[in-house]
Amino acid sequence: MAIGELKNVAIKGISCCLPDNQVLNTDYYEKFGKDLVDKVIKMTGINTRYVAIEEQCASDLAYTAAERLIENLNWDKDTIKGLIFITQSPDYRKPATACILQYRLRLSEYCAAFDVNLGCSAFVYGIFFGSLMMSNNDINRMLVLIGDAGNRYVSPEDHSSILLHTSAGSALALEYDPEVNNSIKYSLKTDGSRFKSLYMPAGASRNAYTAKKEPYLHDDGIMRSDYHNFMNGLDIFQFSITEVPKTIKEFLKHYQLDNDMFDYLVLHQPNKLMVEKVAKKIEFPLEKTPINVEKFGNCNGSSIPLLIVDKLKTEAENSRIRLLTSGFGVGLSWGVMDLTLEHITIPDIIYSNEYYTEG
Amino acid sequence: MNEFIEKFKDALDIKDEFDINVELEKFEEWDSMGYISIMSLLDEEYGKEVDANQLKACKTLADLYKLVSK
Chain A
2 MAIGELKNVA
12 IKGISCCLPD
22 NQVLNTDYYE
32 KFGKDLVDKV
42 IKMTGINTRY
52 VAIEEQCASD
62 LAYTAAERLI
72 ENLNWDKDTI
82 KGLIFITQSP
92 DYRKPATACI
102 LQYRLRLSEY
112 CAAFDVNLGC
122 SAFVYGIFFG
132 SLMMSNNDIN
142 RMLVLIGDAG
152 NRYVSPEDHS
162 SILLHTSAGS
172 ALALEYDPEV
182 NNSIKYSLKT
192 DGSRFKSLYM
202 PAGASRNAYT
212 AKKEPYLHDD
222 GIMRSDYHNF
232 MNGLDIFQFS
242 ITEVPKTIKE
252 FLKHYQLDND
262 MFDYLVLHQP
272 NKLMVEKVAK
282 KIEFPLEKTP
292 INVEKFGNCN
302 GSSIPLLIVD
312 KLKTEAENSR
322 IRLLTSGFGV
332 GLSWGVMDLT
342 LEHITIPDII
352 YSNEYYTEG
Chain B
797 MNEFIEKFKD
807 ALDIKDEFDI
817 NVELEKFEEW
827 DSMGYISIMS
837 LLDEEYGKEV
847 DANQLKACKT
857 LADLYKLVSK
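Chains as they are written, first to last, in my numbering: chain A, 2 to 360; chain B, 797 to 866.
Isolated chain B, as found in the complex:
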């Protein structure tokens, strides 16, 4: 799970520290381009093909993590 947080930070170029329950809305990087970076991350690193609605439905980083750990 920590690895996932690090990958998320790298993909969006975020420096802050936070845990898995952080709200995604808090990040200004969580915008249309951020979605693309994360879609790309999930696809490449976790082999998960998600669509826009699945991404936008995620409120916290934990929700996002559920998409890859399913």
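In isolation and in its complexed conformation, chain A is listed as follows:
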């Protein structure tokens, strides 16, 4: 089992950046018809979303989140020895966007930087990687950046996806700290057999010579090209309400933990129904399960950081909170974590349309 404990790591700060471009789902009445849009809103709970402007990449959002966090933490940039960028919307096929971010953030050359291709499980994986990188060498400070511009790859005709996604970037600041008593416990799981439940058929090496650039009618009645995001919503829903609760229960049992020990259940926010279902199935009180997907849409890997910034900022800044957290989705990849936040730095949510002009 990929289950274990990460020691001597403190989360020092979390920040989030969204495009300064709010979209209302009711704006799609004309395109998809009022009945269909209202049905999607009712089922997902999603009313408003934030969509990147054309020039804006996921890395721009993550960059802005990182700059603000470094500034608020008052960190000397030369002390940051590691940068991970977790994204499925990189700037280029190569190089790794993390290399560009190292330069844009003016971090030292003495900095390990690489990308990780994961989506909704990014938060738990980010803390896992970041902590491991600090466990056995002289890296004492790390930035884990997460960013996605999910709506960029969705067919404009795809009501099953376009009404859900928000572009978002987030930054986590991690520090090696031998004084930290609480270990971060985690469990990570993967089921690649179901990768076609949520994927983009073209755009990389596979299918490169046969992929169709022009949209065509799919079995689900939706026009999309092979370069568009495909999601089998029903499969993803089934996975989320069965495997995720199962893994959380397994994890709690393994470490002899109880729901009562946690202040909050902090879940990835794909839609309201799924979040509530997962909470109910593990019998976690709904009043301790914050939800903000109705205001922000599905922010992929930045959902969990955004939920913390939006709903738990005051407590995480001024006291100590213990979170049971889980990210799940594309891969299929998912993980659970027992994470304590204590007196961390959380800037307010940033709204920005800035983008990199040297790209």
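Hints are computed from structural coordinates only; laboratory data are not their basis. Worth double-checking, as some hints may not be accurate.
Taking lysine-lysine pairs in the DSS-like style, the calculated list, with each CA pair at most 27 Å apart, reads [claimed, not checked]: (1) A:LYS247 / B:LYS866; (2) A:LYS32 / A:LYS273; (3) A:LYS43 / B:LYS803; (4) B:LYS866 / A:LYS314; (5) A:LYS247 / B:LYS822; (6) B:LYS844 / A:LYS247; (7) A:LYS214 / A:LYS186; (8) A:LYS282 / A:LYS254; (9) B:LYS803 / B:LYS852; (10) A:LYS213 / A:LYS197; (11) A:LYS281 / B:LYS822; (12) B:LYS852 / A:LYS273; (13) A:LYS32 / A:LYS186; (14) B:LYS822 / A:LYS282; (15) B:LYS866 / B:LYS852; (16) A:LYS35 / B:LYS822; (17) A:LYS32 / B:LYS822; (18) A:LYS214 / A:LYS197.
Could you slot chain B onto chain A? The hints should help.
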């Protein structure tokens, strides 16, 4: 069984009257979002975890009822 029919109607927000032998295709609500609502209903009210194929294989409401009464 009547209770099941009522729950099915509630989940899909259907007002019509019908019996257990009704064909599911007849309902425009029996679409991808409808599947999700029913998957959620079976899971929550009957503790049955079904997958997409099991749901889509159901032709009538009676077929669906078989999934919960198994």
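Consistency of the hints with the structure:
1. Under the criterion of a C-alpha separation no larger than 27 Å, the hint pairing LYS247 (chain A) with LYS866 (chain B) is consistent with the structure, at around 22 Å.
2. Note on LYS32 (chain A) and LYS273 (chain A): the hinted pairing holds, with a Cα-Cα distance of about 24 Å set against a maximum of 27 Å.
3. Between LYS43 (chain A) and LYS803 (chain B) the CA atoms are separated by roughly 18 Å; this keeps the pair inside 27 Å, and the hint holds.
4. A C-alpha spacing of about 47 Å is found between LYS866 (chain B) and LYS314 (chain A), which places the hinted pair above 27 Å, so the restraint is violated.
5. Restraint check for LYS247 (chain A) and LYS822 (chain B): the C-alpha separation of about 35 Å exceeds 27 Å, so the hint is violated.
6. Between LYS844 (chain B) and LYS247 (chain A) the alpha-carbon distance is near 14 Å, which keeps this suggested pair within the 27 Å criterion.
7. Straight-line distance between C-alpha atoms of LYS214 (chain A) and LYS186 (chain A) comes to about 44 Å, which puts the hinted pair past the 27 Å bound.
8. Annotation: proposed proximity of LYS282 (chain A) to LYS254 (chain A) holds, straight-line Cα distance about 15 Å (limit 27 Å).
9. Of the pairs offered as hints, the one joining LYS803 (chain B) and LYS852 (chain B) holds, with about 19 Å between alpha carbons and a cut-off of 27 Å not exceeded.
10. Between the alpha carbons of LYS213 (chain A) and LYS197 (chain A) the distance comes to roughly 17 Å, so the proposed pair stays at or under 27 Å and holds.
11. Straight-line distance between C-alpha atoms of LYS281 (chain A) and LYS822 (chain B) comes to about 32 Å, which puts the hinted pair past the 27 Å bound.
12. The hinted pair formed by LYS852 (chain B) and LYS273 (chain A) meets the criterion: a straight-line CA distance of about 24 Å does not exceed 27 Å.
13. At most 27 Å may separate the alpha-carbon atoms for a hinted pair to count; LYS32 (chain A) and LYS186 (chain A) exceed this at roughly 46 Å.
14. For a cut-off of 27 Å, the pair hint linking LYS822 (chain B) to LYS282 (chain A) is broken: about 32 Å separates their Cα positions.
15. For a cut-off of 27 Å, the pair hint linking LYS866 (chain B) to LYS852 (chain B) stands: about 17 Å separates their Cα positions.
16. The straight-line distance between the Cα atoms of LYS35 (chain A) and LYS822 (chain B) is roughly 22 Å, inside the 27 Å bound, and the hint therefore holds.
17. Proximity of LYS32 (chain A) to LYS822 (chain B) is assessed by CA-CA distance (about 26 Å); at most 27 Å being required, the pair is judged to hold.
18. As the CA atoms of LYS214 (chain A) and LYS197 (chain A) are separated by approximately 19 Å, the hinted pair is consistent with the 27 Å bound.
Hints 4, 5, 7, 11, 13 and 14 from the list above are not met by this structure, while the remaining hints are.
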